[in-house]
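Colleague: One line per chain: the protein sequences are W and Y, in this order.
Going by my numbering, the first residue of the first sequence is number 1, and it counts up by one from there.
Going by my numbering, the first residue of the second sequence is number 606, and it counts up by one from there.
In short, the hints are calculated from the structure, not lab data.
Note that the structure is predicted; figures quoted are calculated from it, not measured.
C-beta: ideal position from N, C-alpha, C; glycine also.
There's no promise every hint is true.
Only some residues are given here: those of chain Y computed to face chain W with a beta carbon under 8 Å [stated by the list, open to error]:
id	residue
1	Ser651
2	Glu668
3	Asp669
4	Asp671
5	Ser689
6	Asp704
7	Glu740
Computed list of chain W residues with no C-beta within reach of chain Y, every gap over 12 Å [what the hints assert, rightly or not]:
id	residue
8	Thr142
9	Val214
10	Ala276
11	Gly365
12	Lys425
13	Leu507
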Amino acid sequence: MCGITACIGADNSVDSLVDGLQRLEYRGYDSAGIAVKNGSGISLTKRVGEVSELVAAVEQNPIAGDYGIGHTRWATHGGVTDGNAHPHTDESGRIAVVHNGIISNFQSLRSDLESRGHVFSSETDTEVVPHLIEENLRDGATPEEAFRAAVGSLSGSYAIAAIIGDEEAIFATRSGSPLVLGVGDGEYFLASDVPAFIQHTARVVYLHDGDFVVTRADGYEITDSAGRAVDRPVEHVEWDPETATKGGYEHYMYKEIHEQPGALRRTTQGRLNTHAGGVELEEFPPESFADVKQVHLLAMGTSHHAGMYAASLLNSRGIPAYAFMAGEYSVIKPPVTPDTLVVAVSQSGETADTLDAVRRARAAGARTLAVTNVVGSSITRECDDELLIRAGPEIGVAATKTFSSQVTALTLLTERIVEDVTGAKSPAARDLMEALSRLPGDVQEVLDTSMAREIAIEYEGSDAYFFIGRGVAHPVALEGALKFKEISYEHAEGFAASELKHGPLALVTPLSPVFAIFTGHDDEATLSNVKEVQARGAPVIAITSDRSGEVTEFADHVLRIPDTHPDIAGVLANVQLQLVAYHAADLLERPIDKPRNLAKCVTVE
Amino acid sequence: MIHYLDGHVTSVLVNGGWLDPSHPWGLLSVTETLLARRHDSAVAESARIHERALVGDHVVVGEDCDVGPGAVISAGSCLQDNVSVGANSVIERSILSTDARVGAGVVLRDSVVGPGATVGDGVVSPGGRADVILEGRLYTDRRLGSIIGDRAEVGANVTLTAGSRVGAEAVVGPGTVLHGDVRERVEVTH
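Bound conformation, chain W alone:
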């Protein structure tokens, strides 16, 4: 939540900063601001609303500077106002600071500063930082010393970038919130995430917690909290800058839905052996999981649904597996043993709830494994091992291609675990590998032939939308409902098909269409649930590969998916539901890539 940018060395920093903020807007869009420094002093512009408001303000009253910092906000402390927008300054206006995260001891710091005469102009936790720096400067410290001392008195999670006095430099640090350094030709960038500067450079340094970086026009220096130099490798990011743009599509979400065949090809690349009917994971050779007795899957939101999907696959193959919402994991404290494998699933690798749960699992002695999309993210450092889903950057707040890639990567992991634990490939392995190698083409077929828009038009204006499925189709039903509600703002709920008659059936009316997901496994049972809702007058949309049988006979509408292995059919069904959600929201003219109150990467608990 919240995105920060900084740049130095370019001719005019304003364009780079604003451009970077637009690319980080998925992290928050309550307000945005930039502070740039030129010979005379700091120029500051900030506005409530999306980054486009800031762009308009800068166009109206142009500012210029050789270097600067920027911020797009997802409010945590203090309401959404111009005053609470970042950057924040001290009274003199000579220090400007942007911050992502939460400073947990800001109340006591603030009272101390106020008692010493400092006047605060916002309700944010961040504003303590410029005042602390100012105080240290007044005591005779150099800008760098003042920055270090100020950061030293903070607790909580933060990524901070600051410009201080006349020193032509950007001072930055991170602890618990993401921060990356972009190394260009004579220009340097700092940002919460790589897309902010991928247009300028693909050379990236992933900073670690506790790192301090001072960036000047002619270079950068990374040190630890004690001031000792630290060597961090410059890595080359293989993202095509185009993948972080809309590339002709109206929304990032629609583009990312259509990128799924390519994303899935990358997820499975070199990992399937259809000859041998098994998986080949470079990260996990055979026997990697021989001593695993049970699996805990920790995640939030869409990633949690992917975790539930994997738990269902593992359990059906005889491996005890439990999917937990990471935010609950530290509260309910499920028993963890040394032979528990904890799999943490997070698109960004920065999800605060999930990171917290991982720390708890590690402390309890579990082996931890991160399944994530982002190389070098915090979760890859917190966990013993990592499995990258390789979906490419996802900008739309509503996760789409990363769900498909997460489920696919977890399915591969499942087969590895099953083979290691039981000593034999699961009976389904060969067919499943064949189905996985066909999956990108099957997803393409869904995209090419989907009738989702017609369905969205047909049922626009309904009272509610329900999604049901069993087995792996249960998390897909939950995910279908989540996607639908988060971008359309319409009431949508997902249920296990068997749960309907235990309560939710009371909500079913002729004005509440029910989307029923059939995977080819236990379809008959789901069909009897369909008949129950139909008897109450609700229209039924079946998502199925069935071409001639009973399912199509009973459904009012059919969203067809290619015939495939039941264990992976949920991925195809989910693509249909993504399209239904997208078109429903599009008909209502919702801001699909930036749904209200949400942000993509949830780095606060």
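Given the structure of chain W, go ahead and fit chain Y onto it with the hints provided.
Modeller: Below, chain Y alone, put in the same frame as chain W:
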């Protein structure tokens, strides 16, 4: 395949030679010409080629392709990504598009297989020359085996005579001997 695209084609800038595959047989000859320019083959690292398969020169094999034992892929052939070719199949001067599945004991010569299409065991498309009618115009004596459309399914032991075409998503039942065209989304059986 082009008619699947909704958008408009505007303009393309070309620096270099211009080879114009405006007809299906042109697709094959252009591919052959381009591949002949290199001396060896380009086989992606992630492709799995069985040790007893033979991949000749002037061939491209894309990412994640799977080539089974005894298969022969010879000059002028292009396997796009994620294509599988079963045991003892022979692919000559043919294009297999992304996600195409070719069974065991198949012979494909001078042929084009569309994305996601399935070619069953023992299918034979022997290639050769044929008279082809395209959009009402007759082209005589063209070198063209067969064209199998996107996601079409060709059953086991089907014979596709020179110049035959299977439309997108069509299904051809096992054992059929095909002369001429099968339209899109049509099912034909022996």
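Colleague: State for each hint whether it applies.
Modeller: Against the structure, the hints:
no. : hint   : in the structure
1   : Ser651 : holds, 4 Å
2   : Glu668 : holds, 6 Å
3   : Asp669 : holds, 6 Å
4   : Asp671 : holds, 5 Å
5   : Ser689 : holds, 7 Å
6   : Asp704 : holds, 3 Å
7   : Glu740 : violated, 23 Å
8   : Thr142 : holds, 51 Å
9   : Val214 : holds, 41 Å
10  : Ala276 : violated, 9 Å
11  : Gly365 : holds, 37 Å
12  : Lys425 : holds, 17 Å
13  : Leu507 : holds, 38 Å
Hint compliance for this structure: hints 7 and 10 are not met, and every other hint is.
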